[in-house]
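Given two chains presented individually in distinct reference frames, assemble the corresponding complex, making use of the accompanying hints.
Protein chains in written order, with this note's numbering: chain F, 32 to 191; chain R, 3 to 66.
By construction, these hints were calculated from the structure, which means they are not laboratory data. Keep in mind it's a predicted model, so treat the numbers as computed, not measured. Ideal placement from N, C-alpha and C gives every residue a C-beta, glycine not left out.
Some chain R residues judged to face chain F by a derived CB distance under 7 Å, without partners named:
1) Val-27
2) Ser-28
3) Thr-31
4) Ala-34
5) Lys-39
6) Tyr-40
7) Ser-43
The calculated lysine-lysine pairs, modelled on DSS-like cross-linking and capped at a C-alpha distance of 30 Å, are:
8) F:Lys-121 x R:Lys-49
9) F:Lys-187 x R:Lys-52
10) F:Lys-187 x R:Lys-8
11) R:Lys-39 x R:Lys-52
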Amino acid sequence: MLTAILHRRRKAAREAAEAAKLAGKSAGEIAEATHRVYGVRLLIAGLLWVSVFLIARGLLAMDVGSSWVRAGIALVPVPFFVWYLMTWTKGVAQMDELERRIELEALGFAFPAALVLLMTLGLLDVAITLNPDDFSVRHIWAMLPLLYYVGLWRAKARYQ
Amino acid sequence: MKNRLKVLRAERDWSQQDLANHLGVSRQTINAIETEKYDPSLPLAMKIGKLFGQCVEKIFTLEE
Numbered sequence: 032m033l034t035a036i037l038h039r040r041r042k043a044a045r046e047a048a049e050a051a052k053l054a055g056k057s058a059g060e061i062a063e064a065t066h067r068v069y070g071v072r073l074l075i076a077g078l079l080w081v082s083v084f085l086i087a088r089g090l091l092a093m094d095v096g097s098s099w100v101r102a103g104i105a106l107v108p109v110p111f112f113v114w115y116l117m118t119w120t121k122g123v124a125q126m127d128e129l130e131r132r133i134e135l136e137a138l139g140f141a142f143p144a145a146l147v148l149l150m151t152l153g154l155l156d157v158a159i160t161l162n163p164d165d166f167s168v169r170h171i172w173a174m175l176p177l178l179y180y181v182g183l184w185r186a187k188a189r190y191q
Numbered sequence: 003m004k005n006r007l008k009v010l011r012a013e014r015d016w017s018q019q020d021l022a023n024h025l026g027v028s029r030q031t032i033n034a035i036e037t038e039k040y041d042p043s044l045p046l047a048m049k050i051g052k053l054f055g056q057c058v059e060k061i062f063t064l065e066e
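Extracted from the complex, chain R is given alone in its bound form (with noise of 0.2 Å):
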């Protein structure tokens, strides 16, 4: 599954850290994401669609 966290993140200037620490997730679980070696349960993809005020659909998009 593709995302567009890393860009998210770097429109706000956030470190790994900072929005590890806003999500309650440890950093190594924002870098798995992001490098797109894990897929966030949906909870926490909703966290994250509701951190960055987009729904999920605009952050993650499966690949075909």
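Next up, chain F with everything else stripped away, as it sits in the complex (with noise of 0.2 Å):
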């Protein structure tokens, strides 16, 4: 169902681009008009690969199956995690020289901090074992994204 939702938006999306050349919309409105389409898309996709996360998480909570299921449910949010790269990537595509070099910077503050982070952690870990219910894999990941968005937020307001 979802696929048939996107193949109607992508659609829509050729469609619209298509009216606008014809209507005589700038190459700004047209590439404005695909950044939104985009927005939708990422969205769309963050949402089903959180969602997907949240579910697995929920079920192996549960403590259900063998461990042959529960491996098969860990790895269930992997390829919805690749859609949602892919439809970033795809997004990165239709940026303006700005906003692709404001995404690499922001990339350039998050695997820094990432890599201290988890070094901090580590070297914390030896010196006074760190409680592995606060500081296991399982909960720093999440905290990668969000060096993402402090890098995003810092290379925008930058340029601002």
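Structure, rendered in structure tokens:
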């Protein structure tokens, strides 16, 4: 059903771009319309990925099935994340040069920040043995997108 | 890098959004170029030159 919805959206976006060209709309207006379509698509892909992750997390917390079934459930969110990533990549391809630079600077901040975070937590774990209920990988990964958004905010502020 | 983009835009009575629409970039990009926080790529600079009918060196000048 979702594929059908996305197919319809894609078709609608193509038709809108054609109509915009015929109506004599500028390159900027067409780009803005394309941005909006990708924004909606990214939101749908992101919400779907997070929903599937939360469902998988909930099922695993209920301790159901054999270890093979549980491993399968743990892998279910991966294709949804890949889809989200592909949507994001397509969105980046539609961006102008400054927007791409902002994305790059955001990642340029997020990667070293993630490295420092993991290094420090690793050292703290050796020093004082961190509580795995608070500082295991299953909690820390969620901090990495936050670092990206901090990087995005910093980069956007720099060019405003 | 200094530029005369704001002056050229004002001469045509265009808003930043108008110029962005002509060039196919975001308004934020135009603002960042005008406030000299961002130097455009060579293709974009040439596109700007073509739009205003001037060579790139007359719009963008390197600061010594």
